[in-house]
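Please model the complete structure; the sequences and the hints are all you need to start from.
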Amino acid sequence: MRVLGLDVSKHAGWALWETKNALASIRCDVMEFPAKASIEYCADQMGLKVTKLIKDEKPDFIVLETALKMSPKGSAATVSSCMLHGAVYATLGNWGKPWGTISAATWRKMFFGAGYKPPLDNHGKNDWKRAAIEQCELEGIILPAKKATRDNAAEAAALAVCWRGVEIHAGRYRPAFQDFLQQRNERAPSGDLFAGSAA
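Using the numbering used here, the letters of the sequence shown correspond one by one to residues 64 to 262.
Keep in mind that the hints are not guaranteed to be accurate.
[Claimed, not checked] Only pairs whose alpha carbons sit at most 20 Å apart, straight line, appear in this in silico SDA-like list of lysine to any residue:
1) Lys-121 / Val-93
2) Lys-180 / Arg-193
3) Lys-192 / Ala-87
4) Lys-160 / Leu-111
5) Lys-210 / Leu-183
6) Lys-160 / Glu-230
7) Lys-121 / Arg-227
8) Lys-121 / Arg-247
9) Lys-172 / Leu-183
10) Lys-118 / Gln-108
11) Lys-160 / Ala-233
12) Lys-192 / Thr-212
13) Lys-99 / Thr-212
14) Lys-160 / Phe-240
[What the hints assert, rightly or not] Computed spacing ranges between beta-carbons, pair by pair:
15) Asp-107 / Thr-129: 19 to 29 Å
16) Lys-118 / Arg-237: 18 to 28 Å
17) Gly-187 / Pro-238: 38 to 48 Å
18) Asn-189 / Lys-83: 28 to 38 Å
19) Gly-176 / Ala-87: 12 to 22 Å
In case anyone wonders, no lab produced these hints; they're calculated from the structure.
Beta carbons are placed, not taken as given, at the ideal position from N, Cα and C, and that holds for glycine.
Below, the structure written as structure tokens:
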């Protein structure tokens with residue numbers, strides 16, 4: 064099964080995991096947009112970029128982090144996030160690709176383990192992005208070289224790994240998702256970190 068994780072933003076991370084293989088096999092990168100481009104332009108381009116990803120990577124299932132209904136960065140950030148997520152949802156719907164969303168709290172618990180405490184940033188706040196990078200490096204996942212956006216690719220990889228924790232929003236995708244879960248439960252243990260667990 065080929066799972067595509069998408070960390071949707073103006074520096075959108077993506078990661079492709081063939082679940083029969085070890086986590087170190089995950090391929091990831093970042094889709095970027097011009098710094099001063101309007102959000103309308105970015106939403107337009109997001110649909111095209113996701114279309115290319117689908118054609119190139121041929122995922123069976125797509126996982127996205129749940130869009131924030133209210134961003135701590137303000138209303139403009141909320142609108143931007145919702146427009147980009149909407150562009151992705153519409154594109155996936157047009158392709159008929161099964162997809163689901165997972166909250167940050169859920170995937171972090173699955174990826175890092177319950178009770179995990181991330182390192183703190185320079186402002187004394189939880190640095191989940193750094194934690195994602197460090198965990199991916201620990202698993203042998205090769206991240207993009209560009210430091211400014213590699214955290215987006217790392218979080219996309221985490222999303223792909225935690226695909227079982229998604230919420231399915233469109234009923235037409237539930238049968239496929241249940242089939243994926245059944246296949247996951249029936250396969251022989253792979254020896255990877257998440258074999259037999261919630262990944």
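- Task: Starting from the hint list further up, note which numbers the structure goes against and sort them upward.
- Result: none
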